[in-house]
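There are 2 protein chains.
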Amino acid sequence: MIKKRLFTPGPTPIPESVMLRMAEPIIHHRNPEFGEILTRVHENLQYLFQTKGPVVVLTSSGTGGVEATFTSLFSPGDTIIAANGGKFGERWVKMPKAFGLNVVELKVEWGKAPTADQIRELLKKHPETKAVYLVHSETSTGAATDVKTLSEVIRKESGALVCVDGITAVGAHEMRFDDWGIDVCVTGSQKGLMIPPGLAFVALSQRAIAAMETAKLPRFYFDLRKAVKAWEKNDTPWTPAVSLVIGVDAALQMLRQEGIEKIWERHRKLATALRMGVQAIGLKLFSETPSYAVTPVWVPEGVEWKAFNKIIKGKHGITIAGGQDDYTGKIFRVSHLGYYDALDMVTVMAAIEWSLAECGYKVELGKGVGTVMQQLM
Amino acid sequence: MIKKRLFTPGPTPIPESVMLRMAEPIIHHRNPEFGEILTRVHENLQYLFQTKGPVVVLTSSGTGGVEATFTSLFSPGDTIIAANGGKFGERWVKMPKAFGLNVVELKVEWGKAPTADQIRELLKKHPETKAVYLVHSETSTGAATDVKTLSEVIRKESGALVCVDGITAVGAHEMRFDDWGIDVCVTGSQKGLMIPPGLAFVALSQRAIAAMETAKLPRFYFDLRKAVKAWEKNDTPWTPAVSLVIGVDAALQMLRQEGIEKIWERHRKLATALRMGVQAIGLKLFSETPSYAVTPVWVPEGVEWKAFNKIIKGKHGITIAGGQDDYTGKIFRVSHLGYYDALDMVTVMAAIEWSLAECGYKVELGKGVGTVMQQLM
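Chains as they are written, first to last, in my numbering: chain A, 36 to 412; chain B, 36 to 412.
A couple of the hints might just be wrong.
[As the list claims (entries may be wrong)] Restricting the straight-line Cα-Cα distance to at most 25 Å, the calculated cross-link-like pairs of lysine to aspartate or glutamate (DMTMM-like) are:
| no. | chain 1 | residue 1 | chain 2 | residue 2 |
| --- | --- | --- | --- | --- |
| 1 | A | K38 | B | D376 |
| 2 | B | K39 | A | E59 |
| 3 | B | K142 | B | E156 |
| 4 | B | K341 | A | D376 |
| 5 | B | K38 | A | E300 |
| 6 | A | K348 | B | E296 |
| 7 | B | K348 | A | D379 |
Hints are computed from structural coordinates only; laboratory data are not their basis.
Put together the whole structure using the sequences plus the hints.
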């Protein structure tokens, strides 16, 4: 008997209490009971994003949420800058191009983050820029972007909107939507929000809402004007994924009870401890500016990723993520995003040690775990 | 955010898939769908107990299941021998006395198990003995009784029925009801069967069934003749706890899939590894004949049980059990009964180390965990 334990940066583990809430008999979305739920969800989302403005709930993946921002805020030919340092950054280059936007790509080496100087330079070169898209936590590389600093730079240097892919950052990294002057921030349900995939959440500033009025790209389902109008009445424009909204209501109440600052701090601590642990057994980290959501680690020399993954999954029930594109087979990624505590880091560290040892890697069993334990004591 | 993790010898953790099955809308117990479930449950219970005879399902705690065996098999004044080496052994001395049976108590020091010589001697002294009650795994002390050997002795020396409290043993320790010549074996639902409390399961031999015919103690709800008659039609005499039966159906299917021999071996391995781990950090085991269901450990000198328990529970979310009676505050008990895997032993060992260290006990963090890992690699 092997328990299944998920250490991937989305889907992330679902708390048992949330699973059971979602298993309750379905209710109708025009029922007053559902209205109460959605009202509470809207309020708690504002807390999560640290904003007084709207955070709308869309029934789609996180990618759908980002698409809604492109089609709702811009017109054909508009220029946007998109930072691309991984699989998701790359997607936010391809997607706006598909809608006829003029995309200035800021290419960043995998594992690194865009700098203030790079952004400043591009904004000077392209004064017509309508928005800058940043990836707060790039899941494919584990690199975190300093959104606070870059947002300040963008605000100071231009009138461009600050648009943030917060998909694996919201609920893991400090992010203060209003204070930091962010205009758009998107997250998904199967990340820091700890429920299954199917919902996207989009926070919008007054500047973003104003931009929607002149935006000319065709849109309907993802029209954020409709979403904001419905939000004002604690409603949704289309039938929402009811059981997922019920789940996110339970999850948001858990988050609220823990407190957002404590949640950010928990992610920082868990990520840091795991990193010390893997380094204590001689492994090397991939990213230079590590995100607190996910830790990518180089597969050590002499170890085959496929063999390692077969053991950690088949023998120990642990699902971690592999590398993508050029880094397939070269790195593995361990998540600490969402419903994880200190003992989970002990657990995954032990499974990493066992699996590497079985692949012939020399490791003193318990050394990484001991380091994790010292860090989290 | 701290996850709650249960390491008590009943209730034991409930698999998520079983919880969700029990959360499904209730069905009627006279519905054919429920009949199918009960038929499968009956068949899988025979596999669990390794018997071709009836294993009846009672809606009661395990204690109720044991009471059913006393009131259904004996008459006032009948002599029974009851081995008492802990809280549960003690209960099986008090209970039959309450029904007017003549109880010969075989007192065993806590932490030890009754021996073949002791049983042989008592049977010689009391040739009128109708039954010998043994506790396979004494939860209060972590001591296991060698049921196989003692059953042979009882069978050879007398015509007494071999009655086994298997409450924390079934599903953890090797137990072959038919092959070992056992006549009565009882377990509860919240133990090796991994569901909430509320059901008892009683296996009965042909000799036990015959004894019911002449037994004169008054009984009704717990009349095992009624239970066996209903069992023959894959039914129950009274309304059963439907959702718990649905849960045990799911749990038994999991057990069947893993295989009973593998389950026994898993418990042996996990218990052995945890014991090596606690000893590696200088702790001492309480029991001389340890059960694979639970490990009682002496609280080390200089550590206050209450302070230790407050930390392991409050800071690490881990519920373990304390000592009982004379051993309150002197020992703690860690369970490996039911839904546990290797990484769970790593987890509880880490929490023990952290909590002891915080109580001022000198421990090299990770040493016990490393030992557990080496054992379970």
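The hints, checked one at a time:
no.	hint	in the structure
1	K38(A) <-> D376(B)	holds, 7 Å
2	K39(B) <-> E59(A)	holds, 22 Å
3	K142(B) <-> E156(B)	holds, 13 Å
4	K341(B) <-> D376(A)	holds, 23 Å
5	K38(B) <-> E300(A)	holds, 16 Å
6	K348(A) <-> E296(B)	holds, 23 Å
7	K348(B) <-> D379(A)	holds, 16 Å
The structure shown violates none of the earlier numbered hints.
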